[in-house]
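For chain G, the structure is supplied; the task is to place chains A, V and D on it using the hints.
Here is what each chain is made of, one letter per residue.
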Amino acid sequence: MQVTEYKPLIVAFCCNWCSYAGADLAGNNRLAYPADVKIIRVPCSCRVNPTFILRAFQRGADGVIICGCHPGDCHYTSGNYYTRRRMATLFSMLDFLGIERERTRVEWVSAAEGAKFAATMNEFAQKVAALGENKRLEDLRCKK
Amino acid sequence: MLKCSLDNVQTLFAEIAKEAKLYLPIDNADGTAVFGEWSRGVAWSNALNTAKSPKDFFFPQTEDLMRFRTEGKKIEVIDVRRESDDFVVFGVRACDVKSFDVLDRVFLSEPCDSFYAEKRAHGIIVSLACTRPAETCFCGIFGIHAAEPAGDVSAWKTEDALYLRANTEKGTALVARLSSVLEECSDDAVNAQKESIAKIMNKLPLKDLSTEAFGGGKTQDLFHSPAWDALSSACLGCGTCTFVCPTCQCYDIKDFNTGNGVIRYRCWDSCMYSEFTKMAHGNNRLTQKERFRQRFMHKLVYYPENNDGLFGCVGCGRCLAKCPISMNIVKVMKQIGGNKGE
Amino acid sequence: MQKITREQLIDQASELLANGTVSTVLGWGAGEFGYDVTPTLFKTAEEMQNGFVFNDFCGANFSKYLVSKTKTLEGKLLVFLKPCDTYSFNQLLTEHRFDREKVYVVGIPCEGMADIAKVKEISGEGISSIASDGDRIVVTTLYADAPVKIDARNVLAERCIHCKSKKHVAYDTLLGEEGDVVASARFDEVTRLESMTPDERFAFWQNELSKCIRCNACRDACPACTCETCVFDNPKSGVENKSPSNSFEEQMFHIIRAFHVAGRCTDCGECARVCPQNIPLHLLNRKFIKDINTFYGEYQAGAEVGSRSPLTDYTTEDLEPSEIFVGRNEHA
Amino acid sequence: MNNMGDTLIPSVGVITDVRIDTPDIKTFRVVTSDGKKAFDHRPGQCAMLSIPGVGEAMFSITSSPTNTEYMEFSIKKCGCVTEWLHQAEVGQQITIRGPYGTPFPVDDVFAGKDLLFIAGGVGLAPLRSVINYCRHYRDRYGNIDIVYGSRSKADLLDYREIIEEWANDAGVKVHLTIDNPQPDWDGHVGFVPSYVKELGFDTDKTAVLCGPPIMIKFTLEALVALGFDKRQVYTTLELRMKCGVGKCGRCNVGAKYVCKDGPVFRCDELEELPSEY
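As given, the protein sequences belong to chains G, A, V and D, one line each in that order. The numbers in our numbering rise by one with no breaks, and the one at position 18 of the first sequence is 21. The numbers in our numbering rise by one with no breaks, and the one at position 28 of the second sequence is 20. The numbers in our numbering rise by one with no breaks, and the one at position 71 of the third sequence is 639. The numbers in our numbering rise by one with no breaks, and the one at position 227 of the fourth sequence is 1016.
Derived from the structure by calculation, the hints contain no laboratory data. Note that the structure is a prediction, hence the values are computed from the model and not measured. Built from N, CA and C at the ideal position, the CB exists for glycine as well. There may be inaccurate statements among the hints.
[As the list claims (entries may be wrong)] Distance condition first, Cα-Cα at most 27 Å in a straight line; then the derived DSS-like pairs of lysine-lysine:
(1) 717/V <-> 111/A
(2) 186/A <-> 199/A
(3) 717/V <-> 195/A
(4) 147/G <-> 66/A
(5) 1049/D <-> 210/A
(6) 962/D <-> 1006/D
(7) 195/A <-> 688/V
(8) 111/A <-> 826/D
(9) 866/D <-> 66/A
(10) 826/D <-> 66/A
(11) 162/A <-> 111/A
(12) 191/A <-> 688/V
(13) 611/V <-> 326/A
(14) 270/A <-> 1006/D
(15) 146/G <-> 66/A
[What the hints assert, rightly or not] FRET-style restraints, in silico, Cβ to Cβ:
(16) 78/G <-> 877/D: 36 to 44 Å
(17) 31/A <-> 865/V: 44 to 52 Å
(18) 157/A <-> 134/G: 50 to 58 Å
(19) 29/A <-> 873/V: 51 to 59 Å
(20) 31/A <-> 19/G: 53 to 61 Å
(21) 823/D <-> 136/G: 37 to 45 Å
(22) 126/G <-> 740/V: 25 to 33 Å
(23) 157/A <-> 617/V: 46 to 54 Å
(24) 806/V <-> 78/G: 21 to 29 Å
(25) 64/A <-> 823/D: 14 to 22 Å
(26) 823/D <-> 880/V: 57 to 65 Å
(27) 897/D <-> 330/A: 43 to 51 Å
(28) 1060/D <-> 72/A: 42 to 50 Å
(29) 29/A <-> 740/V: 52 to 60 Å
[To be verified] Just a sample of chain V residues kept apart from chain G, beta carbon distances all over 10 Å, derived:
(30) 643
(31) 690
(32) 774
(33) 804
(34) 817
(35) 880
Pulled out of the complex, with its shape left as it was, chain G reads as follows:
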């Protein structure tokens, strides 16, 4: 049997105005980041409801990252400020329930930061890979 290297599945929620464009730029510049990062475009990072994050874990994600415009640069003025508070409290709660801190992350990536996007994804994927498969927020029914 061939042993394959464990590649974590990462779900990245990217805001339409900055981070998604940043991801696009990373692609245009041929900057490499793991193919197992699945990007979901959202109108604003504050569109990300906690159920989205939990459902991503349910359906097999090993890590979830939310990317939005830098504070102050939100297309809708203040959406990412709300994201910042919500995700801080949510992540703290996940930690309280014993779920690994490194599985969730928020990063601000502008449309010009293709390199930052790629670097962030590489680094995040590496950290999640070190944790191994998501076992604590998994739904066994969704395992292949």
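Frame of chain G, contents of chains A, V and D only:
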């Protein structure tokens, strides 16, 4: 009558567990008891009853019915039913034993529910008489005898011994293989206990609750009672009473898309929930009053009407203990029954 | 144990019913055993004389009932609120869930309510009568020869042990003496859990949440849960479910339930009180409260009407999610 | 035990034809995956159709039991399952189980009687089965009157079949009506209850009534005003169902389960039920 010293009861459990999984009430850290699997060293709870009824053994809270594999326009139905192994549920109280009769009439009537039937066929019930019923107990009014619990094997626990009597073929087979830990004995100790239980039953505060106003054919008398408004007024519409109830049997069938197939499963449902009867074009029970009334009318009138007068309540008292607002079937029976003819 | 008596409450209500200030009274209705009281609507003083009780088991928070009851009621509704209930009352007003003009609040002092489960641990089952005698609860049972006398302080409900306030933050009339916001050790248990290793915390919550039977009592009793249709009841939400099929769904429900009321939860403790499976659900809510206090400054939901919940507010200097664990417990 | 069947476990069916009847009603022809009729049924009985992952719902079988080749279901788009079905194409597999419910008493009570069928909108769906059954065994029944109304001409279900087949049968009279006048309509205009009163039927008929609840209510009143006894009038109920066999508790009204004791009820029986349907 067979007897096993209480000092020896763990050996008895070990003997039972040799050939069948053994479940019995175990104390939880929070002070409640729960049916759990016995293994060496697990202590048998002294609690009067478990917080949740043992109906899960035959009608689990969630249960997969089938799977589907779909590809393009094609569908494949996959039967996921498995043969059940024999298992023993030990220490079931008289009320809960009776609840299996109530469930049987629903699930085993034509067309028989094979999921329930399979587990029922493989489950062996060892009941246990209640020496210290609680104030919330009212099994007696439904003709259930706390001192004479039914089941495949009936059991009585005294200060120092456990007494067993097999009632059915399954029960006889079970005690037969426990002969190394059981000895024949007279009925004296059990008879003495039955007498003392009878005395206590006579002191229970709800012993005089009347079922006279209820039963089949009473729909028109009771449905329009003005008392429903006040009784249901504080109901939160949660499912606590339904889910702790040993006889509530309503269920939902739902599909779960796993991403690589569909699981169709059933799970407990509650007539107290607002969407229980909701259809695409409307809801025939719009207010909590109607939903509340349905639950009690079903237990006290509709069910007996369809089942030779057998009530859909066994008086276990769980809803009395667990309802967040302390509204329950006893208060309903007093109000609705008493209001008759007004 | 309560300093105020049933008669005082009936007198107050009768007067307001008689002079037409209120048309209906929301109070506690007597049950079968003394401890099983039910929230009940009373229309007349006579009805109250017959069925109203006030004792050490009147824990239910009436605030949420105001949302539904004021919609259909003619005239004003008198409601008895304990100090902690008034916080929920204010929070609901902040969220415009009912019309303040339709409610007449009689604030009543509270010495802490008893937990019948704790009483039974001492007295045993088979309660035939239960009564208060000064600071003691006197229980007679079918099995004890003599009445069992219990110090009421030893059987306080969990939420009352950690009472956060004896002060009413809303009322039209106040009976008895006004108290103060009190220092409480309510976050101690949260802190204890935080100091565990993630593995221990995970094991703790797995054990607790696996008991959940998804009866929704925590949600349905919660004064902050007032959505017309809950996301967990909406078949189109993708997360609708009737019962937790596995540990994921248990976690999902309880995280979302607590998160949805984070910043709005007044820590009234109804969720844990009503849980038939004794899950310490209030700890999830308190964790959010504690975090919000730490991250964004002290905030007490419901302390004043109209205050902005920290999760619908922000400052440009807020903590980054990556910074929340800096300097926190060293496990992980 | 895996050989033992269970009514909850469906078989696979295939949609072999989709007919667009009205703007929101389509009629689906369903057979098993090997091309046969899934099971025999009696007029008025129902079947559970499902699409895995979407849901399961109860539908009246609109085709006559005398059709031994396939079943038809006329389905109005109004919820999750029906919306999904409306975008299904020929060849799509679905699951099917049944038959469920108590049928119309076509072989005893109806035998030899003059029959009056009254339907509104998609309410014709369950009646089509019994109408075609009675047409098939024409000599067993007396005269047949069919009153059918809809919002507009386009909303009349099975319009071609009604005009080209039913209306041409000996002893069958069809009375159509629509709610509001429209240019290409020279028939009756008005609601079904008032039309029934206008037509003024003999009271020796057995009536079968199906349609929206409000239409049933007023038509029943109209029939009673004409001198009909409620024991002469049959109707069908529809409530939410999950199991189809009287166990899941959803369609319980009084001591009856609409899925197994219904959907066909005689109107005097309904009076004994609590008014929760």
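Going down the list of hints, with the structure as the test:
Restraint check for residue 717/V and residue 111/A: the C-alpha separation of about 47 Å exceeds 27 Å, so the hint is violated. Using a Cα cut-off of 27 Å, the hinted pair residue 186/A and residue 199/A holds, with the two alpha carbons roughly 17 Å apart. For the proposed pair residue 717/V and residue 195/A, the alpha carbon gap of about 22 Å is at most 27 Å, so the pair holds. Between residue 147/G and residue 66/A the CA atoms are separated by roughly 20 Å; this keeps the pair inside 27 Å, and the hint holds.
Pair hint residue 1049/D plus residue 210/A holds up; C-alpha atoms about 22 Å apart against a cutoff of 27 Å. A threshold of 27 Å between alpha carbons decides the hint, and for residue 962/D with residue 1006/D the separation of about 24 Å falls inside it, so the pair holds. Straight-line distance between C-alpha atoms of residue 195/A and residue 688/V comes to about 18 Å, which keeps the hinted pair within the 27 Å bound. Pair hint residue 111/A plus residue 826/D does not hold up; C-alpha atoms about 34 Å apart against a cutoff of 27 Å.
For the given pair, residue 866/D sits about 23 Å from residue 66/A by alpha-carbon distance, which is consistent with the 27 Å threshold. Taking the CA atoms of residue 826/D and residue 66/A, the gap is near 18 Å; set against the 27 Å cutoff, the hint holds. Note on residue 162/A and residue 111/A: the hinted pairing holds, with a Cα-Cα distance of about 14 Å set against a maximum of 27 Å. With a CA separation close to 22 Å, the supplied pair residue 191/A and residue 688/V stays within the 27 Å bound.
Restraint check for residue 611/V and residue 326/A: satisfied, since their Cα atoms lie roughly 21 Å apart, inside the 27 Å limit. Between the alpha carbons of residue 270/A and residue 1006/D the distance comes to roughly 21 Å, so the proposed pair stays at or under 27 Å and holds. Proximity of residue 146/G to residue 66/A is assessed by CA-CA distance (about 22 Å); at most 27 Å being required, the pair is judged to hold. For residue 78/G paired with residue 877/D, a C-beta distance near 40 Å keeps the hint of 36 to 44 Å intact.
For residue 31/A and residue 865/V, the hinted distance range of 44 to 52 Å is satisfied, since their beta carbons lie about 51 Å from each other. Our hint of 50 to 58 Å for residue 157/A and residue 134/G holds, since their Cβ atoms are close to 57 Å apart. About 52 Å separates the C-beta atoms of residue 29/A and residue 873/V, a value consistent with the hinted range of 51 to 59 Å. About 55 Å separates the C-beta atoms of residue 31/A and residue 19/G, a value consistent with the hinted range of 53 to 61 Å.
About 43 Å separates the C-beta atoms of residue 823/D and residue 136/G, a value consistent with the hinted range of 37 to 45 Å. Against the hinted window of 25 to 33 Å, the Cβ-Cβ separation of residue 126/G and residue 740/V comes to about 59 Å, which falls outside the hint. Restraint check, residue 157/A to residue 617/V: a C-beta distance of roughly 53 Å satisfies the suggested window 46 to 54 Å. One distance hint, 21 to 29 Å for the beta-carbon pair residue 806/V and residue 78/G, holds here, with the actual separation near 26 Å.
Residue 64/A and residue 823/D have their C-beta atoms about 18 Å apart, which keeps the hinted 14 to 22 Å range intact. For the hinted restraint 57 to 65 Å between residue 823/D and residue 880/V, the CB-CB distance of approximately 60 Å keeps it satisfied. Here the CB-CB span from residue 897/D to residue 330/A is close to 44 Å, well matched to the stated 43 to 51 Å. For residue 1060/D and residue 72/A, the Cβ-Cβ distance of about 44 Å falls inside the hinted range of 42 to 50 Å, so the restraint holds.
A C-beta distance of roughly 56 Å is found between residue 29/A and residue 740/V, which places it inside the suggested range of 52 to 60 Å. The non-interface label for residue 643/V is consistent with chain G: the shortest C-beta to C-beta separation is roughly 41 Å, beyond 10 Å. Every C-beta of chain G lies more than 10 Å from that of residue 690/V, the closest at about 33 Å, which supports listing it as non-interface. Chain G draws residue 774/V into its interface by the beta-carbon criterion, the shortest separation being 8 Å against a cut-off of 10 Å.
Every CB of chain G is more than 10 Å from the CB of residue 804/V (nearest about 13 Å), matching its label as outside the interface. In this structure residue 817/V is not separated from chain G by more than 10 Å, as the shortest Cβ-Cβ distance comes to only about 7 Å. Non-interface status of residue 880/V relative to chain G is broken: a Cβ of that chain comes within 10 Å, the nearest being about 7 Å off.
The structure fails to meet hints 1, 8, 22, 32, 34, 35 from the earlier list, while all remaining hints are met.
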